[in-house]
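Please put together the full structure from these sequences, using the hints given.
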Amino acid sequence: MARTSKRGETMLEIEDLHVAIDGQEILKGLSLKVKAGEVHAIMGPNGSGKSTLAKVVAGHPDYEVTGGSIRYKGEDIGDMEVEERAREGVFMSFQYPVEIPGVSTASFLKAAVNAVREHRGQIPLDAFDFLTEARSAMKLVKMDEAFLSRSLNEGFSGGEKKRNEIFQMALLQPGLAVLDETDSGLDIDALRQVANGVNALRSPDRAMVVITHYQRLLDHLEPDHIHVLAEGRIVRSGGLELAHELEEHGYAELLQEAGLDKAAAQAT
Amino acid sequence: MSAPEPTSERQQNAEIEALIGQDYEYGFVTDVEQDVVPPGLSEDVIRLISGKKGEPAWLLQWRLDAYRHWLTMEEPSWAHLELAPIDYQAISYYAAPKKKVELGSLDEMDPEIRATFDKLGIPLDEQKMMAGVAVDAVFDSVSVATTLKTELTEHGVLFMSFSEAVREHPELVKKYLGSVVPSGDNYYAALNSAVFTDGSFVYIPEGVRCPVELSTYFRINAANTGQFERTLIIAAPGSHVSYLEGCTAPQRDENQLHAAVVELIAEPGATVKYSTVQNWYPGDENGVGGIYNLVTKRARVMEKARVSWTQVETGSAITWKYPSCILQGDGAVGEFYSVAVTNNMQQADTGTKMIHLGRNTRSTIISKGISAGRSNNAYRGLVHIDKRAQDARNYTQCDSLLLGDRCGAHTYPYVNVHNASAQLEHEASTSRIGEDQLFYLRQRGLSTDDAVSMVVNGFAREVLDELPMEFAVEARKLLGVTLEGSVG
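Chains as they are written, first to last, in our numbering: chain A, 1 to 268; chain B, 1001 to 1488.
These are calculated hints, taken from the structure and not from any lab test. Check the hints yourself; a few may be wrong.
Claimed, not checked - Label pairs and their calculated CB-CB ranges:
{"no.": "1", "chain 1": "B", "residue 1": "His1418", "chain 2": "A", "residue 2": "Gly158", "range": "48 to 56 Å"}
{"no.": "2", "chain 1": "B", "residue 1": "Glu1427", "chain 2": "A", "residue 2": "His249", "range": "51 to 59 Å"}
{"no.": "3", "chain 1": "B", "residue 1": "Ala1428", "chain 2": "A", "residue 2": "Gly158", "range": "28 to 36 Å"}
{"no.": "4", "chain 1": "A", "residue 1": "Ile21", "chain 2": "B", "residue 2": "Arg1432", "range": "44 to 52 Å"}
{"no.": "5", "chain 1": "A", "residue 1": "Ile21", "chain 2": "B", "residue 2": "His1410", "range": "28 to 36 Å"}
{"no.": "6", "chain 1": "A", "residue 1": "Glu81", "chain 2": "B", "residue 2": "Ser1179", "range": "52 to 60 Å"}
{"no.": "7", "chain 1": "B", "residue 1": "Asp1391", "chain 2": "A", "residue 2": "Arg216", "range": "40 to 48 Å"}
{"no.": "8", "chain 1": "B", "residue 1": "Asp1436", "chain 2": "A", "residue 2": "Ile188", "range": "22 to 30 Å"}
{"no.": "9", "chain 1": "A", "residue 1": "Tyr214", "chain 2": "B", "residue 2": "Glu1427", "range": "36 to 44 Å"}
{"no.": "10", "chain 1": "B", "residue 1": "Glu1435", "chain 2": "A", "residue 2": "Gly121", "range": "26 to 34 Å"}
{"no.": "11", "chain 1": "B", "residue 1": "Glu1484", "chain 2": "A", "residue 2": "Asp144", "range": "35 to 43 Å"}
Said to hold, decoys possible - Footprint (simulated), chain A over chain B, 3 or more residues, beta carbon under 8 Å:
{"no.": "12", "segment": "1428-1438"}
{"no.": "13", "segment": "1456-1466"}
No residue lacks a Cβ here, since even glycine has one placed at the ideal position from N, Cα and C.
Written out as structure tokens, the structure is:
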């Protein structure tokens, strides 16, 4: 059963992770450790395995873990189903949130919140209490209440979809949030709204992994650690200065320094 | 007789069977003493049925004419169905609980039968009844109870079993029986006309808005019997009625035949809303057993009247039904909203016919087919615009959703237009339930079954929204249960 986490507890520990899809290896020995209260950013060129990392932590059935381990709050979650991980507190914000026609955002979220609550041994929220919680969570990302009665993500703009993801995170209160390219396709205002929402959800008992291609989201979020992912491994780690270095010189130079000539050539 | 020594293997099998049995919640059998006519079909059997029901001579003659016509007909084979040959001589055409029910007195009902309906969630007890719904309960061949009669009588609404209507309102039955679906209309309708046993009869007087939902609940219980009910609904000018039907049957290895006929008459300005939640036993995952649901439903819609068919079809091994509207009067409106779900080896060939005869007639067809397992699901619909039907309009939307890669979805739209002023629109789509949709929903904590149920309910929402509230909740659950375990 899910329990609350403590400040400084290791929330996510990935060791020497190898992952393949359709027989092709994407992650080749990735290791990462994220503690409660921390925000880590994963940067990297296209095709480096960033989204694979997000999906494999969430438990996507198409990805096969061929080596290494993923631990959440000290427990190996490699054999856990997608929904079990979610109920334990693993949340993924999707790069492309999926449209579900005919299903209202409210009915979907009420079911999700209550699935998590049931797992935690809490009584389910009734419609009234759910609405109260939903309203306060929506304020974080300045979402209009009208979204609750609209079909889930259907006809939402890019910015609306991303805000809807952060709204869901606010409602579900995860222990670990993996945000996959949450900044992609957003204009400056939408980016700020999303970033404000994420910042408001930073908490001493929550770990966040922010996956992004660009520095601009990181300017708003100011992560504690930045990792550069290339060829399925983390090739460099550092602080915010690493993001600025990347912005200035691009991935190619950094990858070349790391001796990854092939990846460097692809990044240019 | 001593019970055989239970081996562990046998025990195990029993456990597995019990688990499988859970899939169909209504598969139990009620142990009640029954009056069953021996299997077989002949003029003598028809005379026997008619005699048991104390019918007038004209009705017996009508049955016999239908039977003689039926003998000359052949089973239709145009549907996208694999139908095992039906041995019409192996079926018993009449089964009734032995204990007589005093009309209007639910207290004297056989407690076993009352318990059956309780178990099905249809309490016939006046205190426990669903608010605002009057129920006619049909058990095998006979109607066993009709609730809320007094309240309906105050409004002049007639709601009773068909047999009772034959006794009490023969003039209405004689006038309307066969007026929409003639006795020789098609093979199964002819068979029904010959041997029908009971069903519901509704008459709403002129200008009356029926104060409650009317509902008939059909239950097949006896083995080797067919159910041949006949429903006749007459909405006098300017009246309004909403009618619901639900159906279940025990789980049996042999196929059972259900060949019903429903006739609706909407006189000028009347509105009839007819909703069905069909959950007959669908057979097991290998296609053994299940109900053959071969049904003819049709409405005659007069000037400025409106008929709306809404159906949620989740049960039956085979479904063959096309609730239709003859839009006879000017300005008549016909609607068909359908969700048909097939799983395992189920087969459905269903749709509608909208026959536009009057001017300014309008029809809407919304069909949602959901196929899973190795099932086949076909939409078959006809839109006919007659030469007289000036300015007729039709909108058709057929959507199919596939779960898995071993099922089939088929669409057969037929269009006959004989008047150039007609406006027809047709939209169709086929989609597969998305892996990405399921992953998204599961990532938020929903189980695979709940995720499938949510996507399917969303897909069918336009139709489910047409159902009366009491039924919509049930129908939503049913969609989820029917497809449990079909993905993942």
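Violated hints, by number in ascending order, as checked against the structure
4 and 7
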